[in-house]
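Peer 1: Residue numbers (our numbering), protein chains in the order written: chain Y, 1 to 159; chain B, 1001 to 1506.
Worth flagging that the hints you see were computed from the coordinates, not collected in a lab.
There could be a bad hint or two in this list.
Just the calculated beta-carbon pair ranges, DEER-fashion [unchecked claim]:
(1) B:LEU1282 <-> Y:PHE79: 55 to 63 Å
(2) B:LEU1140 <-> Y:TRP115: 24 to 32 Å
(3) B:ASP1492 <-> Y:ALA90: 47 to 55 Å
(4) Y:ALA36 <-> B:THR1469: 58 to 66 Å
(5) Y:PHE79 <-> B:THR1469: 55 to 63 Å
(6) Y:ILE129 <-> B:ALA1383: 22 to 30 Å
(7) B:ILE1456 <-> Y:PHE79: 30 to 38 Å
Using N, Cα and C, we set each Cβ at its ideal position, and we do this for glycine too.
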Amino acid sequence: MISRFTAELATAVGTATFGAVVLGGAVEYGIGWDSAGPEPGAFPFYIGAMIVVASGVNAARTVMQRPLAGRVFLDRARFSRIASFFGLAAAFVLLSVYLGLYVATVLYLSAAIWWQGRYRPWVGAVCGITASLFFYFVLEKGFQVPLLKGPIEAMLGIY
Amino acid sequence: MENIASLFYGFGVALSAYHIGLMLVGVLLGILVGVLPGLGAPNGVSLLLPLTFSMDPVAAIILLTSIYWGALFGGSTTSILFNIPGEPSSVATTFDGYPLAHKGKPTEALSYAFLSAGFGAMVGIILITLLSSSVAEFALRFSSPEFFAVYLLAFCSFVGLGGSSPFKTMVSIGFGFAFAAVGMDSVSGNLRLTYGIDELLAGISFLVAVIGLFGIGELMLTIEEGFELAGIRARISVKDVLSTAATMPRYWVALLRSAAIGCWMGITPGGPTAASFMSYALAKRFSRNRDKFGTGEPEGIISPETADHSAGTSAMLPMIALGVPGSATAAVMMGGLMIWGLNPGPMLFVERPDFVWGLIASMYLGNVVAVILVLTTVPLFAAILRIPFSIIGPIIVVTCFIGAYTVGNRAFDLWLALGFGAIGYVFKKLDYPIAPMVLAMVIGDKAEDAFRQSMIMSSGSMKIFWSNTLVASLMAGALLLAFWPLITAGVDRLLGSVGAARRGHT
């Protein structure tokens, strides 16, 4: 279980870190003034500073606010639902990068509808193949927008 | 009068079989994304935008705005029939819409919603017709400091009036600007904030961000709730619609008040969501039937719906006339304009009157088409919602990622969309506003350019932002908005017991 307090604080630390990274990146390109006016890093520098300061205030407010104590951000049941959804989505992206979007779509829809939806395996497979064909004909053929393809399409001679 | 002539010229541009066809397709797609949880107007428009890259700008904007209108209407359908807002801006519609439908009057509830939404949209469009060219003409006097002040004003109004914690809003804005700065610096031509990662050289597309933040992020929220739908069956009979329409004039006060709130919140970047909540709250305070609110009171449907749609349409005014979008969806469309090679802002009226007036004319047509289509297709879309979410959800995931890929044909964007999904989920759960981030991503470069040009003009002196009445009053307005919560708190304290008594009363 994650409490709201922890989540608020962790997010504030996360956003502050992001701000620090922006600051670091900005300094690299100069934050001063050169012959052409402000250097490229100047504006990002102010932005990074704003993020760090505002994150600090958010963290401080979280620590000082009492009503947050005891409030739940995510309980176990919700956490497991989110984790399995996000994990499967991440697996879909990984598969897409190596096998292309069409094959990944078939695999992902089959798996998600079978495991998460508790349908019989063929329902997921039918949905996956239908969706893949739909995107192929609408995007690739209809709008001439090519999608990411992998080795299987190459084997079948589809470019 | 000049505007009326331009409007007729616009109708000449917009009225063609091809454009009307696009309108029908757009509205239907829009209703679909509005009805489906996890897909809303901003990412509906983002998903379709890559397909319009090769289209003529007038046709493209008609398609995208029609999706926007459709999505606004679709969001209300689910609010009323399923008690689940399809869009954040239709949350307030569930308060009275669902109870009325639940009492066995779904047709009435839907008709009230759609007709008042149509009314609100019309008020917004009339406002745009009357004001846009004079606003643009006025803005032709702007140079860099004034533009920077206008951008600042937009962001300050998020900070001061947004309703979330001002510091969370600032973090969100900062994220948007930082993402916008990644890649090529448009002034010096240098690359920056790439941290040695080759994929970042081309920058981070706001479309990918919107698809992640609004699509994947919203889906995660839906999944977390363990989504189950239990809808009310609705058949729309023409007679019921007409008899409901006949009672509409009775609510003219609510209609006008809500339209005014909506227009104001749309032009200032408060957005449709804030407008609908504010309108509902005010209706509840001033209505004679305030005790019946929450049990299916028509005024409780009419007020948020009118405000929602007038805000949605009038958000287009600052986008086309100033280049400052008034809502997340308007921000996405403005990004689209820039991709099509147009320059949103006052010069657009001079350079591309056909585009501007074609767009405005199409807004009239599009909303009429939307009201008719949404009324006739209610049973169809209600049936789509009965498909179990465990099938629809994964299909939406796939659609989002494919949409993210089509933005730039880069596999890296898939990872970005996933990352933005996680950010969107956490931010929404912790009440960090998302819309300011999208706005900052779209106008980040323009705001930075304006700032740097101003600094060059003044050789680095901040005094340039107070150098004439125009820019000084814009800056003063921005500061006033940013510190609005502090100012109102101070006024309340000064009034002392009077203020305390009033707060105790409400």
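Peer 1: For each hint, tell me whether it holds in the structure or not.
Peer 2: Cross-check of the supplied hints:
Range check, LEU1282 (chain B) to PHE79 (chain Y): about 39 Å between beta-carbon atoms, so the 55 to 63 Å window is missed. For the pair LEU1140 (chain B) and TRP115 (chain Y), the supplied restraint of 24 to 32 Å is violated, since their beta-carbon distance comes to about 59 Å. Distance hint check: the CB atoms of ASP1492 (chain B) and ALA90 (chain Y) are about 48 Å apart, consistent with the given range 47 to 55 Å. Distance hint check for ALA36 (chain Y) and THR1469 (chain B): the Cβ-Cβ separation is about 30 Å, which falls outside the suggested range of 58 to 66 Å.
Hint check: PHE79 (chain Y) to THR1469 (chain B), Cβ distance near 56 Å, so the stated range 55 to 63 Å holds. At about 23 Å, the CB distance of ILE129 (chain Y) to ALA1383 (chain B) agrees with the hint of 22 to 30 Å. A hinted range of 30 to 38 Å for the beta carbons of ILE1456 (chain B) and PHE79 (chain Y) is inconsistent with their spacing of about 52 Å.
The earlier numbered hints that this structure contradicts are 1, 2, 4 and 7.
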